[in-house]
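When the letters of the sequence shown are read in order and numbered with mature numbering (1 follows the signal peptide of the UniProt record, and there is no 0), they come out as residues -18 to -1, 1 to 310.
I should point out that these hints are in silico values taken from the structure, not numbers from a laboratory.
This one's a predicted model, so the numbers in the text were calculated from it and none came from an experiment.
Hints are not guaranteed to be accurate.
Straight-line alpha carbon distances no greater than 25 Å define the calculated SDA-like cross-link-like pairs of lysine to any residue that follow [stated by the list, open to error]: (1) K16 to S94; (2) K59 to A13; (3) K20 to R180; (4) K211 to F222; (5) K128 to K211; (6) K155 to K211; (7) K165 to M106; (8) K16 to T127; (9) K138 to S176; (10) K51 to V88; (11) K123 to S94.
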Amino acid sequence: MYFFELISYFLLLNFIHSLPVQNSTNGDVSACLKAFYKAAYRGEYNCTESFDFFQVVPAFQQAGFTSHKSCFLEVAKEECSIAQYNLLSTKYQDFLNVLTTVPPSVTPCSDSYFKYNALKCGPMMDELSHRTIDINSVAAKINDTKILEMIELCDKIEACISPVCYSSENQRKSLQEISNGVKLRNTEFAVCISKIERQSPDLSEYTCLDGIDFNTDDRKMQIELYTVKKVCAKRIMKDFCGERAVENFENDVETCLKNLMKLYKTARAGFHGGPGGFHGGPGGFRGPGGWNNGPGGRGRVGGSNGGGFLRHLWVHGFMGSWVRGFMG
């Protein structure tokens, strides 16, 4: 369901782009700890299965990392640089003290305690990026297993980044928007839009649309559909899908519109520039002579709703590669 796919991608990119970059300096084992958490989260080493290395209670953390020192170092030896492995193996208790001793409240967020502990959230966010890509193959239906699992994952990440200094307000806000977008997929509203998109019924009798294609991929028209033509859109959805599809119509539309507006503004700022831009003038992606418009161009590939080449490129090319790029 393209309408929700783009929203999910945009929200995730916005969230990932705001995450801090972890740098490793002398005495800083961030890179090694990041690699360890990634391996432990994915279960790549058998020894990590016997203890939850993602504990948030400092006392349990200290006890677990102490009793499972050999496991930690086994993973670190394979996943980390020689220098960082040697540092950890010789200064292991010092490392644990930094990792598990809560600093005074006046301690700045740049302190190693916060930096190290925030790293445990990374693998969850990595999984979120891949699940967001995979979710595009999921047909909109209530309580789909993949959707429910993603909602649960969002809740886990929210809990992980909630402690002070683990994340910024913007990051928490972005995650909440992602979560709302995923939850929107688990509604009768989304199921109805997917149904209308899939069946592509003749809506010519709904003169209130004034020529707008209900299944349009055009951002500006989608915004108009759910603002100026909102009453008309609600009527169509109710007629085709029943009352349940519009029970929470105002809230569902608000969630959609908030992110459609971001998509539209970002697209215009980033891709609708001057000549040579994505949607720009001559020589641009959609300009005269470009890929998708004008003499010598390839023309718009796809059906009457403008799916086809441009849509596939946007969703699976640009957006997919950006997600993978940011998450590494």
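Outcome of the hint check:
no. : hint         : verdict
1   : K16 to S94   : 13 Å, holds
2   : K59 to A13   : 13 Å, holds
3   : K20 to R180  : 39 Å, violated
4   : K211 to F222 : 17 Å, holds
5   : K128 to K211 : 32 Å, violated
6   : K155 to K211 : 29 Å, violated
7   : K165 to M106 : 18 Å, holds
8   : K16 to T127  : 29 Å, violated
9   : K138 to S176 : 28 Å, violated
10  : K51 to V88   : 31 Å, violated
11  : K123 to S94  : 44 Å, violated
Of the numbered hints given earlier, the model fails hints 3, 5, 6, 8, 9, 10, 11; all others are met.
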